[in-house]
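Peer 1: Here's the letter readout for the chains.
2 protein chains.
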Amino acid sequence: AAMAGCGWARAVRGLLLDVSGVLYDSGADGGVPIAGSAEAVRRIKASGLKLQLCTNETQATRENFVRKLRALGFDISVAEVTAPAPAACRLLRERGLRPHLLVHDDLVPEFADIDKTNPNCVVLGDAAENFTYANLNEAFRLLIGMEKPVLISLGKGRYYKETDGLKLDVGAYMKALEYACDIQAEVVGKPAKRFFESALAELGVPPEQAIMIGDDIVSDVGGAQQCGMRALQVRTGKYR
Amino acid sequence: AAMAGCGWARAVRGLLLDVSGVLYDSGADGGVPIAGSAEAVRRIKASGLKLQLCTNETQATRENFVRKLRALGFDISVAEVTAPAPAACRLLRERGLRPHLLVHDDLVPEFADIDKTNPNCVVLGDAAENFTYANLNEAFRLLIGMEKPVLISLGKGRYYKETDGLKLDVGAYMKALEYACDIQAEVVGKPAKRFFESALAELGVPPEQAIMIGDDIVSDVGGAQQCGMRALQVRTGKYR
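Going line by line, the protein sequences match chains A and B. One point on numbering: in the numbering used here, the residue at position 106 of the first sequence is 110, and numbering is uninterrupted. One point on numbering: in the numbering used here, the residue at position 205 of the second sequence is 209, and numbering is uninterrupted.
It should be emphasised that the hints constitute simulated quantities derived from the structure, not laboratory data. Keep in mind that the hints are not guaranteed to be accurate.
What the hints assert, rightly or not - To give a feel for the contact side, a few chain A residues facing chain B, derived at Cβ under 10 Å: (1) C93; (2) R97; (3) G100; (4) A116; (5) I118; (6) K120; (7) T121; (8) E133; (9) N141; (10) T167; (11) K171; (12) L172; (13) Y177; (14) E182; (15) P210; (16) E212.
To be verified - Below, computed lysine-lysine pairings styled on DSS-like, alpha-carbon distance capped at 27 Å: (17) A:K242 to A:K120; (18) B:K72 to B:K54; (19) B:K54 to A:K152; (20) A:K152 to B:K165; (21) A:K72 to A:K49; (22) A:K242 to B:K152; (23) B:K54 to A:K165; (24) B:K242 to B:K152; (25) A:K165 to A:K120; (26) B:K72 to B:K152; (27) A:K54 to A:K242; (28) A:K54 to A:K120.
Here the structure is a predicted model, which is why all the values come from computation and not from measurement. C-beta: ideal position from N, C-alpha, C; glycine also.
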């Protein structure tokens, strides 16, 4: 919250904020805000800085995600959130891809308008309890049966912190399918350069005038730096 | 079956045979023998060649595995099977490791005499339906909580063929945990050199006088060759 006043930050016009581990710790109970973070969002906005949440959250539609954040006290609108599922939908449409979804039930509505018949790719999100042996086998069989398997992964995080402890993230399951099929997934979401670029576009700020703040050294810090932005790693969330 | 009579094989005194995909296709129904394989085993033994099954099977104790093979018509004894779980137990004892097991229920009795209190390593087998999100998270949390995480994987196969289709093998889940924890697993079973060496020791035949026959180019063929053996890849099983 003090950052907007720092000398080194005077040339900064926009902030990209990670959400899980920065604004709150997620959890089955809806999650718990990190102390001071709602107030920090208010002060950032009051200071005139532009703000965009840049999240790999794929356990809910953007609308429900924002509803949850607002209930936790964050003054955030849907337009202020850049998330992987809408980006994936744009990519699927561009390339005429029909996905088989291995995602959280609550994310499925994001793909309502996408043709999913006779799938020619697999889209992998943080499916949590949907990561059953049967579901992972189904995705594997579809991929191994394709002439040129296409696996689109909504992020590649290793793990994240929920209120009841650390949880495996989508990246671990991405690696399992990559290895089984001997393929490379295409990552939509952080740390993909294109994802940060679209977040910056929504912010209307060039990379050199923006800072990314997150708790993941690869997805947040590495991804932002590759995009020409500065980045800060916070010590909340899964920081160890 | 004709191999024992081939000219190039005259210097061969022992055969190591993979089981799944070579002798039979496994399955929930107990599996189906591959045509001619039981007869081949009989003829190999009658020819005076020494025979050892060298398997990464970890869905059953060695005793139950042999019982199943005998019911399918294979003339095989427990001493003729080299399998990862007994090898893992030797390693655990040597190093004073107390495992948390993420394995198939039917494999658990192999570890009956091993101290499993206050685990300081994770042993991963082909757990099949036990590969739930909750179980994988539990193994992950134990590993990430260790000062020096030790992950022992019973094989590193990508997938195998069952009677109802291809199935993800333990290697895929090994990769998931390796990635999440940023560690390297230790593989017990094929293609580990030490595993082939113990199979050869049981056979009583030096590597240059033995041939490995399997359907997996990495676990069977690559592993055997690194051990100084010749190897043949069959076109049954998961061969594609």
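Peer 1: Could you run down the list of hints and mark each one as holding or not?
Peer 2: Going through the hints against the structure:
no.: 1; hint: C93; verdict: 25 Å, violated
no.: 2; hint: R97; verdict: 30 Å, violated
no.: 3; hint: G100; verdict: 27 Å, violated
no.: 4; hint: A116; verdict: 25 Å, violated
no.: 5; hint: I118; verdict: 25 Å, violated
no.: 6; hint: K120; verdict: 21 Å, violated
no.: 7; hint: T121; verdict: 21 Å, violated
no.: 8; hint: E133; verdict: 5 Å, holds
no.: 9; hint: N141; verdict: 6 Å, holds
no.: 10; hint: T167; verdict: 14 Å, violated
no.: 11; hint: K171; verdict: 6 Å, holds
no.: 12; hint: L172; verdict: 5 Å, holds
no.: 13; hint: Y177; verdict: 6 Å, holds
no.: 14; hint: E182; verdict: 8 Å, holds
no.: 15; hint: P210; verdict: 33 Å, violated
no.: 16; hint: E212; verdict: 31 Å, violated
no.: 17; hint: A:K242 to A:K120; verdict: 35 Å, violated
no.: 18; hint: B:K72 to B:K54; verdict: 21 Å, holds
no.: 19; hint: B:K54 to A:K152; verdict: 43 Å, violated
no.: 20; hint: A:K152 to B:K165; verdict: 21 Å, holds
no.: 21; hint: A:K72 to A:K49; verdict: 19 Å, holds
no.: 22; hint: A:K242 to B:K152; verdict: 18 Å, holds
no.: 23; hint: B:K54 to A:K165; verdict: 54 Å, violated
no.: 24; hint: B:K242 to B:K152; verdict: 36 Å, violated
no.: 25; hint: A:K165 to A:K120; verdict: 32 Å, violated
no.: 26; hint: B:K72 to B:K152; verdict: 39 Å, violated
no.: 27; hint: A:K54 to A:K242; verdict: 26 Å, holds
no.: 28; hint: A:K54 to A:K120; verdict: 37 Å, violated
When each numbered hint is compared with the structure, violations occur for hints 1, 2, 3, 4, 5, 6, 7, 10, 15, 16, 17, 19, 23, 24, 25, 26 and 28.
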